[in-house]
Amino acid sequence: MGAKLTETNAVSDTPWLNQDGQQPLVKIKGLTKKYGGWAAVDNIDLDIYEGELFCLLGGSGCGKSTLLRMLAGFETLNSGTITIDGVDMADVPAYERPTNMMFQSYALFPHMSVEKNIAFGLQQDRMPKSEIGDRVHEILKLVELENFKKRKPKQLSGGQRQRVALARALVKEPKLLLLDEPLAALDKKLRKQTQFELANIQDQVGVTFIVVTHDQEEAMTLATRMAVMDAGRFKQVGTPTEIYEFPNSRFVADFIGSANIFEGRVTENGADHVRVKTEIGEVFIDHGQSVNVDSKIWVALRPEKIHIVKSQDPASGPNQVSGEVDDIGYLGETSIYKVKLPSGHIVDVTAPNQTRPMNRTHRITWEDKVNISWEPSSAMLLTS
Amino acid sequence: MTDVKAQKPTIAAAPRKTVFQRFMRRVQNNFRLIIIAVPLVWLVLFFLAPFFIVAKISLAELAIASPPFTPMIEWLDGGVVTIRLVFDNFAYILNDSLYFDTYVNSLKISVTSTIICLLLGYPIAYAIVRSGPVAKPLLLFAIILPFWTSFLLRVYAWMGLLADQGTINNLLLRLGLIDEPIRMLYTEFAVYVGIVYTYMPFMILPLYANMEKLDGSLNEAAADLGSRPTNTFFRVTLPLTMPGIIAGSLLVFIPATGEYVIPDLLGGGNVQMIGRVLFNEFSSNSDWPVAAAVAIVLLFLLVIPIIIFQYFQGKASQDP
Numbered sequence: 001m002g003a004k005l006t007e008t009n010a011v012s013d014t015p016w017l018n019q020d021g022q023q024p025l026v027k028i029k030g031l032t033k034k035y036g037g038w039a040a041v042d043n044i045d046l047d048i049y050e051g052e053l054f055c056l057l058g059g060s061g062c063g064k065s066t067l068l069r070m071l072a073g074f075e076t077l078n079s080g081t082i083t084i085d086g087v088d089m090a091d092v093p094a095y096e097r098p099t100n101m102m103f104q105s106y107a108l109f110p111h112m113s114v115e116k117n118i119a120f121g122l123q124q125d126r127m128p129k130s131e132i133g134d135r136v137h138e139i140l141k142l143v144e145l146e147n148f149k150k151r152k153p154k155q156l157s158g159g160q161r162q163r164v165a166l167a168r169a170l171v172k173e174p175k176l177l178l179l180d181e182p183l184a185a186l187d188k189k190l191r192k193q194t195q196f197e198l199a200n201i202q203d204q205v206g207v208t209f210i211v212v213t214h215d216q217e218e219a220m221t222l223a224t225r226m227a228v229m230d231a232g233r234f235k236q237v238g239t240p241t242e243i244y245e246f247p248n249s250r251f252v253a254d255f256i257g258s259a260n261i262f263e264g265r266v267t268e269n270g271a272d273h274v275r276v277k278t279e280i281g282e283v284f285i286d287h288g289q290s291v292n293v294d295s296k297i298w299v300a301l302r303p304e305k306i307h308i309v310k311s312q313d314p315a316s317g318p319n320q321v322s323g324e325v326d327d328i329g330y331l332g333e334t335s336i337y338k339v340k341l342p343s344g345h346i347v348d349v350t351a352p353n354q355t356r357p358m359n360r361t362h363r364i365t366w367e368d369k370v371n372i373s374w375e376p377s378s379a380m381l382l383t384s
Numbered sequence: 001m002t003d004v005k006a007q008k009p010t011i012a013a014a015p016r017k018t019v020f021q022r023f024m025r026r027v028q029n030n031f032r033l034i035i036i037a038v039p040l041v042w043l044v045l046f047f048l049a050p051f052f053i054v055a056k057i058s059l060a061e062l063a064i065a066s067p068p069f070t071p072m073i074e075w076l077d078g079g080v081v082t083i084r085l086v087f088d089n090f091a092y093i094l095n096d097s098l099y100f101d102t103y104v105n106s107l108k109i110s111v112t113s114t115i116i117c118l119l120l121g122y123p124i125a126y127a128i129v130r131s132g133p134v135a136k137p138l139l140l141f142a143i144i145l146p147f148w149t150s151f152l153l154r155v156y157a158w159m160g161l162l163a164d165q166g167t168i169n170n171l172l173l174r175l176g177l178i179d180e181p182i183r184m185l186y187t188e189f190a191v192y193v194g195i196v197y198t199y200m201p202f203m204i205l206p207l208y209a210n211m212e213k214l215d216g217s218l219n220e221a222a223a224d225l226g227s228r229p230t231n232t233f234f235r236v237t238l239p240l241t242m243p244g245i246i247a248g249s250l251l252v253f254i255p256a257t258g259e260y261v262i263p264d265l266l267g268g269g270n271v272q273m274i275g276r277v278l279f280n281e282f283s284s285n286s287d288w289p290v291a292a293a294v295a296i297v298l299l300f301l302l303v304i305p306i307i308i309f310q311y312f313q314g315k316a317s318q319d320p
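Going line by line, the protein sequences match chains A and B. For what it's worth, this note's numbering labels the leading residue of the first sequence as 1, then goes sequentially. For what it's worth, this note's numbering labels the leading residue of the second sequence as 1, then goes sequentially.
Since no wrong hints were added, every one of them can be taken at face value.
Which chain B residues face chain A? A few, computed with CB under 7 Å, are given here:
{"no.": "1", "residue": "S217"}
{"no.": "2", "residue": "L218"}
{"no.": "3", "residue": "E220"}
{"no.": "4", "residue": "A221"}
{"no.": "5", "residue": "A223"}
{"no.": "6", "residue": "D224"}
{"no.": "7", "residue": "L225"}
{"no.": "8", "residue": "G226"}
{"no.": "9", "residue": "S227"}
{"no.": "10", "residue": "R228"}
{"no.": "11", "residue": "P239"}
{"no.": "12", "residue": "L240"}
Think of the hints as simulated: they come from the structure by calculation, not from any bench. Quick caveat, the model's predicted, so the values are computed rather than measured. All residues carry an ideal CB built from backbone N, CA and C; glycine is no exception.
Chain B with its partners taken away, still in its complex shape (with noise of 0.2 Å):
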């Protein structure tokens, strides 16, 4: 310990740097922050805005205008402002029981569908999963492969279908089996058919990711300690695809709820959902107030048991 104190740190002078290099050195260490600003940006812009401007449309009222509302700022003379908050329109859809059926069935074929999809969906995902290395892409590719077609296309593809003279009808009669047409089309059936064909790859996609990270001596250990393959299901791989089995089911529940062109195109009128409610409102009436509550109506009809889902989801996986 002699000499510390003589031995003073020598500063070399740092060279100076350009306008340029300091420029870079900030993005750098920033970076984090552009990363995330990015998504930001975009979700600010073309999420939260749009769904303010739905929100303040809810409390306007009908107005012969164009738009068809009445401003919720109005600039009077005077220098006074006002601000006119309607709640109407959610009084209106609470208090008539179209609205609360048409919610009601539409969340019975939501969730029906979303758990025929699950069913049919798991199996297929686990059975892709365990396909050998030829089978496995080609499998896959024919799950994505309906989105090369139009999805309007496609309905249309089904209409032609379930048709009293389609092409299912045409073939059971010719063979014998129906001596006169079964009434497919413009049935709840019709629509069930539709929303599960057409969600099932949302289904099933996220499954297949959650299954193929699974570790397959798991099941090899379950095996070797006892457990009969039923067992093991429930005990391990159910439990371990849980989050790809929440993820699928998110992604087919959200948009079928709010589905509009299956109904509309294969149920023809006599399947109310709300997804046609809020287009009739919004176009056939002009009433975009009530549209406008309608949709928002729906978005808490849809968070709400997300967040409270992901909310104990979220305490299960942290307990020890």
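Extracted from the complex, chain A is given alone in its bound form (with noise of 0.2 Å):
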């Protein structure tokens, strides 16, 4: 690695709340493409910042993929500007943006063996040929494939590659490495480790990642700030917290996660509490939200901060619901449980499986009777 990517990267862990007054690498303004009458990407406004690892989720058809090509130079643009690193990209070709992308083909060219593949993006700066193969050999050294360097694509397993693809995008040490869904082709549990890889190499070269990608587990693990979309438009920009916790509208708190939301009416607004009339009951909530009493508002609830105990006697009160247990997943590590409340509604309920069932039956089985609650801090409002 030459000196740039070594150096301590002196940015802080936050620096979208952006109190030094630094300068995003990337500034997106009411970016749109269409195709025919359709907007794939929809009027779009996003700053991201050095050292950040940004990860763009959503279905497919979202646009998500659509907006990486946009940023690479694959993909012309209607409107908007996208500027990297204070320059404008309108009229910089692909092969003269300061990005590299990593295909979810991963595209390794065939004919060529592991450290031609790397070697080329670098051959294309006229590097002087021992500085070439310094770096092809540092980041094969940081991807652990130097026992490989003179295979070729094919004689590689799936994960080998997927390495090969990140060491070619990275060793030209781009300011901005975009990665379109780079582990969607690795079984689930080499993807899981591999999660772990990514974000700790992005940490210690310190580039800027884009990351696109449908699987949002994938988007918790790796993001510092994600962006969810929908339609061509972000639903929601924050952190994986923000977003999992305090997600704005009803598409974002289904989207991520589950969740159980219901319609409700706001019939109590205090200063530091809120109480709405559900269809399955009082919840009372006890953070402040500034909401209109008799608004129509949704209420959800994680189904793992649902707390489930068996139990004859019906539930009274706020944040509590008594049911009866309609159908059991079991997962192994935890169960999810159907409760089937009188209204007719059912509340998923998710309950980690931390004692080992006696007689091979669990505590909470179908057809019992159970009380669930929820604490005054779990619920949270949508106002969309």
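Join these two chains into a complex; the hints should help.
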């Protein structure tokens, strides 16, 4: 690695809060891409700061890959601007942009060895041969592929190919590395392991990453910040915690993790609490959020934040309801209980299986009467 | 590890199989062999056997007989078997500069035509691969369309186009671009036009098949790594389309070298190609042994460079 990559990263852990007046590395303004009449990317604004690992998360066809390809210079844009490191990218062709991309298919050159694949980008910069050799050697060490440098891509496993693709994109020390579903082709176990490796490598080299993924777990593990995308627009941009614990809409609450969402009406709006009358009963929330009394609202409850107890006595009071176990999904470490309420609603509750079941039957089983409850802080209020 | 010995495997009595079932079982077991056998028999019957017959004739002498050559094996009185192998025909061909010059001229014309086909066909194939879902089948259809008409008719059509009083000359005269007809028919130019026109689809189709498989993201990856389009072409696209280039070039080069109809009709007597010489030896001179020797030499001329080429090609693809 050259000097640039080994430099310690002086930027703060939360550069997007923009406390020290740092200029964003990538500035996207009003970006729109239309295919026919349909907007794949619809008027997007986004600032990404140096050292971030930013994830674009969304379902297929939401425009996340198009946005990435526009940053790389493979797609023209209909309106808006992309500025990278202060330079407007409008007239800069892909081969002159300070970005490198790791392709979903990896796009390794099949007729070149691992070594030559990685050296390809450096040769384009007319770098002296000895320096190319050093840089290739360094990066191969980083991705632990030194013993495979003479192999052709088809002689490698999927995980090794993924690392070659990463090395080839990283070796040019781009200002911005674009990763299109970098882990999608790996099997589940390898993917989990590689998620952490990828984050570690990013931390070591200090390059800004933009990762496109449809896998929310991947996004949550990797990202410093993430954007949830739908139909060409950002639904919410924030840290993984913000997005999971403070979703701004039903779409985000439901898209990230799972959520039980109920419609209700605000009955009381205090300075430090809100009361909502919902389809399943009264919900008391102990964090203030400015909502209008009598307005229509949605309450979202994460399944893992609901407690479940076997009980014959019907529950009374806010934040608790009685019901009957309708179905159980046993996942090993946790179980999902589908609790049917008298109102007919089904509430998902997950609970860790912290004790080994006696007689091979769980403490809570089908058709048991149960009470479910949650903390006053757990319910999330959604206005849209 | 207790009653291991006590658990004897019990063999269920296999139900008796019918003759048909046993036959089918055999077919299944030898399926690979059967699959390979069909093309093998075909090749032996229609390729290898005729080759040996031609080789045999090339080693005979001209004789006034029917067929007009001496037999290879003769049974003489007293049970003596004579085998006569006459190499005079080959010596004759190799010593007579007419044959040598004709071989060289044939190779010159076929190599040049192959290069022209490649230079024109490569961009055409590339354009077809890159064309839209509506245009692509239409363009491919247009490439194959000439095969609907007889090859001979199409060559005659070219005669009509290229003749002194032909369509092209008439048009140019009428437009006032020329004062007297340009001589095109019965020149080497006409032979090149005919060969390039006829064999172009054989260049385009393998190239198309090869390029169609190319991953478009490779070009993007090269651009992303800082490679300009021309550099990407020479470093990525060209090496990866090499199998298509080789297949297409061989499909043009091999038949073009032995081409008879095109030099005969479009070149007249002015363009000597080995196919014409072979035909003349065979039909006009009725010298079957010399004609056969000409064919055998042509075969080696074509096969040897191809074998050498494939040997190096195979070595190159095995190298890490």
